[in-house]
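Chains as they are written, first to last, in the numbering used here: chain A, 65 to 703; chain B, 65 to 703; chain C, 65 to 703.
Honestly, the hints are just simulated from the structure, not real lab data.
Among the hints, a few may not be true.
Because identical chains cannot be distinguished in the list, a pair is counted as satisfied if it fits within a single copy or across any two copies.
[What the hints assert, rightly or not] No more than 30 Å apart at the CA atoms, straight line, and that leaves these computed lysine-lysine pairs for DSBU-like:
id, residue 1, residue 2
1, 156, 274
2, 643, 684
3, 239, 202
4, 354, 643
5, 632, 528
6, 171, 274
7, 202, 632
8, 684, 624
9, 171, 239
10, 354, 274
11, 684, 615
12, 171, 543
A quick note: this is a predicted structure, and the numbers were derived from the prediction, not measured.
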Amino acid sequence: MAETSGRNRNLGVCYYPEHWPRQMWAKDAALMAKTGLRLVRIGEFAWSRIEPEPGEFDWGWMDEAIETLGAAGLKVIVGTPTATPPRWMLGKHPDMLGVDAMGRARKFGSRRHYCFSHMGYRHECARIVQKLGERYGKSPHVAAWQTDNEYGCHDTVLSYSRSALRGFRDWLAHKYQSPEALNEAWGNVFWSMEYGASDEIDLPNMTVTKANPAHELDFWRYSSEQVVAFNRVQTDILRQFTGKPLIHNYMGRTVEFDHYAVGDDLDIASWDSYPLGFLEDRSERDDEWKQRFMRQGDPDFQAFHHDLYRRVGAGRWWVMEQQPGPVNWAPFNPAPLPGMVRLWTWEAFAHGAETVCYFRWRQAPFAQEQMHAGMLRPDSEAAPALGEAAQVARELAELPEIACGRADVALVFDYQSAWGWHILPQGESFDYFRLVFDFYRALRRLGLSIDIISPNDTNLGDYKLILMPGLMDLSDGLKTAMAAFGGTILAGPRTGSKTGAMQIPLPLPPDIPGLDCTVEHVESLRPGAEVPLADGGAFIHWAESLQTSSKPVELTGEAKPAIVEKNKTFYLAGWPDQKALTRILKNLCTQEKISTLDLPDHIRVRDSGPVRFFFNYGAKAASFEGIDLPPAGVHWHRL
Amino acid sequence: MAETSGRNRNLGVCYYPEHWPRQMWAKDAALMAKTGLRLVRIGEFAWSRIEPEPGEFDWGWMDEAIETLGAAGLKVIVGTPTATPPRWMLGKHPDMLGVDAMGRARKFGSRRHYCFSHMGYRHECARIVQKLGERYGKSPHVAAWQTDNEYGCHDTVLSYSRSALRGFRDWLAHKYQSPEALNEAWGNVFWSMEYGASDEIDLPNMTVTKANPAHELDFWRYSSEQVVAFNRVQTDILRQFTGKPLIHNYMGRTVEFDHYAVGDDLDIASWDSYPLGFLEDRSERDDEWKQRFMRQGDPDFQAFHHDLYRRVGAGRWWVMEQQPGPVNWAPFNPAPLPGMVRLWTWEAFAHGAETVCYFRWRQAPFAQEQMHAGMLRPDSEAAPALGEAAQVARELAELPEIACGRADVALVFDYQSAWGWHILPQGESFDYFRLVFDFYRALRRLGLSIDIISPNDTNLGDYKLILMPGLMDLSDGLKTAMAAFGGTILAGPRTGSKTGAMQIPLPLPPDIPGLDCTVEHVESLRPGAEVPLADGGAFIHWAESLQTSSKPVELTGEAKPAIVEKNKTFYLAGWPDQKALTRILKNLCTQEKISTLDLPDHIRVRDSGPVRFFFNYGAKAASFEGIDLPPAGVHWHRL
Amino acid sequence: MAETSGRNRNLGVCYYPEHWPRQMWAKDAALMAKTGLRLVRIGEFAWSRIEPEPGEFDWGWMDEAIETLGAAGLKVIVGTPTATPPRWMLGKHPDMLGVDAMGRARKFGSRRHYCFSHMGYRHECARIVQKLGERYGKSPHVAAWQTDNEYGCHDTVLSYSRSALRGFRDWLAHKYQSPEALNEAWGNVFWSMEYGASDEIDLPNMTVTKANPAHELDFWRYSSEQVVAFNRVQTDILRQFTGKPLIHNYMGRTVEFDHYAVGDDLDIASWDSYPLGFLEDRSERDDEWKQRFMRQGDPDFQAFHHDLYRRVGAGRWWVMEQQPGPVNWAPFNPAPLPGMVRLWTWEAFAHGAETVCYFRWRQAPFAQEQMHAGMLRPDSEAAPALGEAAQVARELAELPEIACGRADVALVFDYQSAWGWHILPQGESFDYFRLVFDFYRALRRLGLSIDIISPNDTNLGDYKLILMPGLMDLSDGLKTAMAAFGGTILAGPRTGSKTGAMQIPLPLPPDIPGLDCTVEHVESLRPGAEVPLADGGAFIHWAESLQTSSKPVELTGEAKPAIVEKNKTFYLAGWPDQKALTRILKNLCTQEKISTLDLPDHIRVRDSGPVRFFFNYGAKAASFEGIDLPPAGVHWHRL
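In isolation and in its complexed conformation, chain A is listed as follows (with noise of 0.2 Å):
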């Protein structure tokens, strides 16, 4: 499934055999054969369905499930059960349950009611998924493996329970090896919050002001380091019955854990894309952008997303879950443009998606997601996803080979800084994945087709033009391989503004091997209040005041330093509006000799290898570049 030639991309769907009778499922699987369909996920939310009874198994039904998905051609994902531990786990493991930041148990009775550091709870899931294993790790019908289903979605990662707290204390015992290095590392000395003792710290929940937040920052990389654990136990133990892709789903702007050292555990990354929830649900636009994009997503959200599991994948990845429909769970919930749905798909293949699979076959009538559409109505007529779908199986029958190879602009996707952010916002409107989201739907306004990377990444070589705004902590590494990079880089704002240790570095940030600046002071910028830039647009949400010795490349209105530069490395003294990141990262472009686009709102391009993607986003007909693209049109042709 690493094939790179269009034909051998995949289509798929997400499957409940457990919800319908089984008389239903040959002529099911008929049907998805006959659209197209290649891959079937199953089994992730049916643990009471494969055990009913502690330690009392079922299988049958899954056994008959995956014969007959596998006799009509089509390969089976499967899914491991552990987000809907069944109710009778809470008999074994009553205090398994996620505490919310008000120190209340949350219940049974939806999904995700566990929590990471409960080493009861990790056992019963090892357990099962060695079950699974043994059972399906030979099936000719399996062809990979999901762990899980969407860590973090509904607030899961940070749990405030007792076992979290144990976790914890252990953790830091670990990590400081004494009271004192602790209190030395946090600034405990602040307000005399010094520990003699690692079971003197509680959790950073509820505290009368806000808690120290190296404190928080410990506890969001405790809680992140549980889900990596978490699924490792998964993964060691399905590496033993099977060679198939491992695979997880993730859920979109869910930064709560390190999606990356999740990653590294996984075969192939993919992720759960719903372009209409996440606009509703997951975005700062307006309410005129909100309402002009509601049948078809925002432009780039999805493809920021493609990108980001494109690294933590490796660069294999799917989208594991695409929206097929309305859905029901954003605060508004509309149906897709006619087209849409084939839209989507198309973009994930232009990043390099290996496969799409629709979520769900058939909309369930029942319990909380009887709301959400399906390929098919509850009543197995065709909704309109099942004519999209196969039109894009048709059409991956025509499509040349496609590649994604790297990009000539990456951008730096932190998730560490997502955490501090978070903690030490010092604006309430100062959010990570903002920042670095205006600054990647910028570059895709430019046409250019990016790269995510991880800070991580030390190898920079190829790259013309490297971003990295936000990136709170500059690592030793980091800093050695920006000196060596022959490409450009700008920083700012905020790059490298704290510690490992969530404290403010001394020299002062950003402290760029070369570049003479320093951050004298910043300001966060309440909606409306903006720092003019003397070349046009503004600072908005966050500027900074800068120390330089050196001709700034650009100036505020104030003609304060605005940008500066050295050896082709710029630091940027504040948060750009779309007009100024525009114009400042097209000059950057021009210096490497970049070519860029100068796209309209609803317009997107995409290059994959030797093909370029058009996609419009618009309600209406448009045109670019000669090219006649139809509502939620999608054009392709070899450059």
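With the hints as your guide, set chains B and C onto chain A.
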């Protein structure tokens, strides 16, 4: 008191003799009588004075109060004091407190601090009601009884207590007979939520993400039934001692329990009408509207409730508490425009009220409601309401016979739908009361008099037009009645879209016999987004995609079906704005030869038997069809 | 330090030697002295370093710090460290934590995590204060003492702990002597809230709907008295060891306890002035205003507090913490305009401050306040505040004698009214501080210098004009003083409208001797709603209907009484907007021959003895009465 003549309509007042020195009582009674009041409600918050210590009763003051009022020619309504258990009750039943959705007991120190599921407290209520019945059941001065006070006020229907948990488990065990049946009905296979025994089921609060809507709906049903049972304990006892009518005073826009079901055990329904408080506190209207009507109240809100409680009381209904001046509990509390207290009173009589009681006689200078106006000021001087009430009393003497016959138009209001769409709104703007009230407002704007009916009212014979927007579950009985009905029916949006088990029915909605249409998918729309209609106006909040092979009656701007019809049964595929709704309803009226008016915002009309009433809710004088109405003006004439 | 000469006004700084290596101390001290600072506050958060283990003291570092500072010619203010009990204190007193209104203990990990009612912790505070007094009470370098830090900050006055419950019950038992008396005073007959014993009374949180306002007000009084008692424990001990002034540093717009009562035990009042933080965090002004003054602060907020603490300190007051640059805790944190730190300092001196201390010396690179600017940057380079402070130090040497005599105008500010109207606002916009501050702003706009006085200040002799808006309870003493007063008094709205027991008084309010008016009813007004006044402007937020037989001074647009007057005592029947308020106050000034100015938004004036100060809060240069003021400009001249 079932007379239909204006001369026999009554005014009354709520009075708290326990708040005032005994020497004031006779003077108060004399002034009440002189004002033209005939009824006085007492006792409903006086438990601590009736039974100061457990089992020790002090009847003297209440005997004297009733005698004093009776001696002045007034009749008494005795309220059972069960909404305000004394502090000593907690000593006997420490766990009787209601528990909020976060699991926190709601403490003593205001009122309604009991859980409807607590059997110990229910027994105490039986005891005090028995005592009251024994003492005053045969009193010649007592004309009626009120049970408790404002069930559900202060969000008290749903309680997440241990008592509720026990009761709910028993209720489920009875309803479903087996865990398997419950799992099947709720669709618990979804997310492995299956239960092995009824004592594994918890209350549906504090789950990680939304609980199963079927789980929630059953808990709302269970909770509603506890209110019914709680009330029935009181009515069963009182009927042993009195033949006088039993009443409860419902609160405006309180939908958490089934008012019809409680009403089945009553003789008269009543409600507490606070037009200014409700405008500020319980309306989605915008600031402009609220400011325009801040001293008059919404022109349709009271009328809606009048019509609702006429049905709840099977034709017999009162206003038990009528706002007399500024209240204390809304976000902002202006004073009524001079004349509004009279207007509100007349609007009630025009809708068939037998009695309107003002709340309260004299403003209390202490405790929570010290800023709540009365008919008298705290210093016993007349407040504006006193004079307006006296005017109504004089006018009543000259009113011709009025009677509420059946209206031409009926609007279905259903509590279960209110619960269902609260649990599963699918879009933040979707609220069942709001939807039905939009229809009501449009009808009233057309000058119509309306009956509100229950979905259990399957004798539809006399109506010309029946509206059933958002009626969640179309029962077989109602479907049969609809098929036999000779008039016009307008269903939709969302009508018939769930089974009784909160699942999507098959065949898909609306599945109205004879009507060729299927809802393919639905959209919830953000504020500002709309689906324009070809004939004017638009769908807001909600739009449905209809599959039909017949020619639609109306189309959307994109030529999709907006309304379909067969044999005078119409299905409406969205939530129309007022412009569209007025047009649609006017068309239906025209077809049914129901004559309509075109009223401005502030003028309202109500026909009551041979009399047509006109009300000016505007702050300025207005003229309509040759009738001049001063601000807050009321006019009536024979048709 | 009671000198009134400019040359003896002092600058100081807050310093944390425990945060820095000892080798830095002498250099720091030298630079402080060179800058012109004379005072250094230390120690108030250093408990964990003073007493690292229970009963084990480490005085060495503090001795050395004081010696080092003293050797540089600096004087020290020693802060008692009771706002930050060390972690080991929880081992001794696990139940010492404050408890929030939802019943949740507020955990260790920041500061102020103690309950004022906890006697064990109060004893610990006595112990540490005794130790500090013993050690430094006679030190020649110690010039003053500060108790605790910012009482009430982070919402810490009200605690719903077991300790508070026990204390409150005792307090009530003492106050009322019997449950019957308490029931009578609170009006507990209402809703059967009567108690049979004081141990039946709970804290007034988590009730089903609002608790009895008398219950709440008594709990606020009790809680305020705990702060007074907590502070007095410290002052009583310190006075055994020192004759130096005792000070507390109050926080801006913190009204949950009676600052006058705490001040009665102090020698000097001080407050912590963060103009930019307060503008974002504690102002009702709109976005336009906040953006306009985002780098200057509200032009009246600091002045109000200066005048308030002059009264709290009986004439002697300081700014203990002066914002020097961006802070970390407001929603948005911009940097002061160059010159503003100087301006703020001079505004304080113009209002009579003896000392202004900047917070903090060097920005800490760690813990919660790492983004809070200091006079030095974390790398010990000068931040902008250092130069501005040095400039003030130089300018002070040339200032003529200044002195704060009694102003012509006094404005009553009362903590109990703040509590009462918080508990019973009657309309969401009604806030006592906001009301009084609106009056203050209008006075200051007229160029007036103002005294703020307590309602206990019944020696009114010298003033020409006294304002008492919203003063809840007019005591007999104050009424007597008012009757004897020869100047002009303006009362209302809401003045005198409650008894001490939080009841409506009889005769009805305002019941001001000689004044023929009665408040018939009141209205709270939604934003946008107003009651126009015949002479211009309008009532907003609040309007009263007055009954009077005398001719009003002003009328509303509907010719109702807006202001009534008798013998120069005026009653104002509403909350005037700034336009009306300015007009009304200007008229009163004219009548009292108080000369006024007409200042633009950004210019402010303050007279201090023979000197008139002018301040430009604008971001642009301005000219006023021939005086040119640059941005952030300060000017003074002899009158």
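Right, here's what the structure says about each hint:
| no. | hint | result |
| --- | --- | --- |
| 1 | 156 - 274 | between (36 Å within a copy, 24 Å between copies) |
| 2 | 643 - 684 | both (24 Å within a copy, 27 Å between copies) |
| 3 | 239 - 202 | neither (41 Å within a copy, 45 Å between copies) |
| 4 | 354 - 643 | both (20 Å within a copy, 25 Å between copies) |
| 5 | 632 - 528 | within (11 Å within a copy, 70 Å between copies) |
| 6 | 171 - 274 | both (27 Å within a copy, 11 Å between copies) |
| 7 | 202 - 632 | neither (54 Å within a copy, 62 Å between copies) |
| 8 | 684 - 624 | between (44 Å within a copy, 18 Å between copies) |
| 9 | 171 - 239 | between (32 Å within a copy, 24 Å between copies) |
| 10 | 354 - 274 | between (33 Å within a copy, 25 Å between copies) |
| 11 | 684 - 615 | between (47 Å within a copy, 27 Å between copies) |
| 12 | 171 - 543 | neither (46 Å within a copy, 39 Å between copies) |
Hint compliance for this structure: hints 3, 7, 12 are broken, all remaining hints hold.
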